[in-house]
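Colleague: Residue numbers (our numbering): 1 to 372.
In short, the hints are calculated from the structure, not lab data. Please note that a few of the clues may not be correct.
[Stated by the list, open to error] Below, computed lysine-lysine pairings styled on DSSO-like, alpha-carbon distance capped at 27 angstroms:
| hint | residue 1 | residue 2 |
| --- | --- | --- |
| 1 | Lys-59 | Lys-197 |
| 2 | Lys-222 | Lys-121 |
| 3 | Lys-197 | Lys-222 |
[Claimed, not checked] Using C-beta positions, here's what the derived DEER-type ranges look like:
| hint | residue 1 | residue 2 | range |
| --- | --- | --- | --- |
| 4 | Arg-291 | Val-24 | 23 to 29 angstroms |
| 5 | Val-24 | Gly-267 | 53 to 59 angstroms |
| 6 | Arg-258 | Leu-351 | 29 to 35 angstroms |
Where is the CB? At the ideal position from N, CA and C, for every residue including glycine.
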Amino acid sequence: MTTTDRARLDGYFRRVVERFPSRVPAASLVITHLLPERPAFLDALTQLARVAAVLPKPKSQVPEVVDEVRRQYRVDQLDRDQFADPGQALDYLEGTVPGEDLVLLDIGGYFAPSLDVLAGKFSGRILGVVEDTENGHRRYQSLATLPCPVYSVARSPLKECEDHLVGHSVVFSTEALLRAHGSVLTNRDACVIGYGKIGRSIARALHHRDVRVTVYDNDPVKQVQAHAHGFRVSARCSDALRGADLVMCATGNLALRRAVFGALHNGAYVASVTSSDDELELASLEGAYRRTPLPHGTTRFATADHHFDVLNDGNAVNFLHGAEVGSYIHLVQAEILAAVSLIAAEQPPGLHEVSAEARHTIASIWLDRFSR
């Protein structure tokens with residue numbers, strides 16, 4: 001990021017923080033991607049809720065950015081198993097921010113399994129959670145009760161801009177990897193699993209590259225939408241897979257489970273938009289398929305008569321090329337800051353969204369800073 005770009009971004013976040021100021025002193029624990037624009041976001045966040053520790057997603061961190069962030073903030077290793085265990089999660093909080101008012105910033109529902117215990121036993125006070133992703137939104141939504149406010153930006157209209165561009169970046173990276181393996185994207189048969197905002201963008205981007213697309217989604221409404229948009233649809237995942245030599249997984253909810261791997265077209269490429277643990281049940285293949293590392297971060301899974309190649313080891317393919325979505329990412333980051341401000345004002349427990357008025361304010365600030 002150039003000095004000019006950083007100055008523009010700092011000015012943008014300054015206006016956002018002025019519009020959504022901190023209500024009470026609080027600390028924050030931040031699960032995040034550590035990409036080049038993230039230090040500016042952390043610097044803005046710490047004005048609202050002091051950044052006590054940063055927990056970078058392991059598959060989406062740039063070493064130079066990690067070093068930069070580490071010079072200013074505590075950086076700890078992110079371990080899903082640690083936060084899935086209420087005792088370990090509580091120990092971490094007590095060792096990091098004992099007795100403080102605390103906001104948890106999440107990407108993927110890491111805090112969800114332990115949230116009830118943390119809210120009840122932490123020596124400080126859990127003011128609330130801000131969740132960024134659809135799969136994380138679902139994890140919090142599935143809890144029987146929420147002991148604190150959980151703000152989700154996953155379904156925000158402001159995130160649609162980012163999700164649209166994420167789909168394009170996923171297709172760009174997939175095409176780059178196929179070319180690195182001596183293949184091309186054009187004229188393939190592809191299956192897109194999941195027809196949410198990102199899956200829809202992937203399907204359209206593939207179509208524009210002369211790829212024949214079949215969509216599978218377990219929601220019949222999404223199937224109807226895909227059909228109306230001109231794509232072939234399949235009522236069964238296994239049927240959609242059999243004719244596809246490229247499979248794009250965009251559900252965040254185990255698109256490929258053990259039972260359907262055998263239906264993959266022989267020699268198919270498999271790509272994901274999120275971490276492999278969330279999208280592909282690869283661990284279930286242990287003992288049944290041999291794993292062979294291939295160049296460019298690809299893994300081949302093979303039996304005597306069947307094989308398929310998983311791009312980027314099953315993790316989000318677009319992070320191989322920076323997952324760049326331009327300045328649109330700052331819309332969602334600003335909404336996260338607004339949510340932190342609202343949480344500090346002591347909202348009631350439950351699942352919340354930022355108001356339409358707040359989103360309009362953020363969009364106006366963004367237009368003034370980035371579209372001129």
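Colleague: Could you run down the list of hints and mark each one as holding or not?
Modeller: These are the hints, each one checked on the structure:
1. Lys-59 <-> Lys-197: 22 angstroms, holds
2. Lys-222 <-> Lys-121: Violated, at about 41 angstroms.
3. Lys-197 <-> Lys-222: Judged against 27 angstroms, a Cα distance of about 11 angstroms means the pair holds.
4. Arg-291 <-> Val-24: 23 to 29 angstroms: 50 angstroms, violated
5. Val-24 <-> Gly-267: 53 to 59 angstroms: For Gly-267 against Val-24, whose Cβ atoms are near 58 angstroms apart, the range 53 to 59 angstroms holds.
6. Arg-258 <-> Leu-351: 29 to 35 angstroms: 31 angstroms, holds
In summary, the structure is inconsistent with hints 2 and 4 from the numbered list given earlier, while agreeing with the others.
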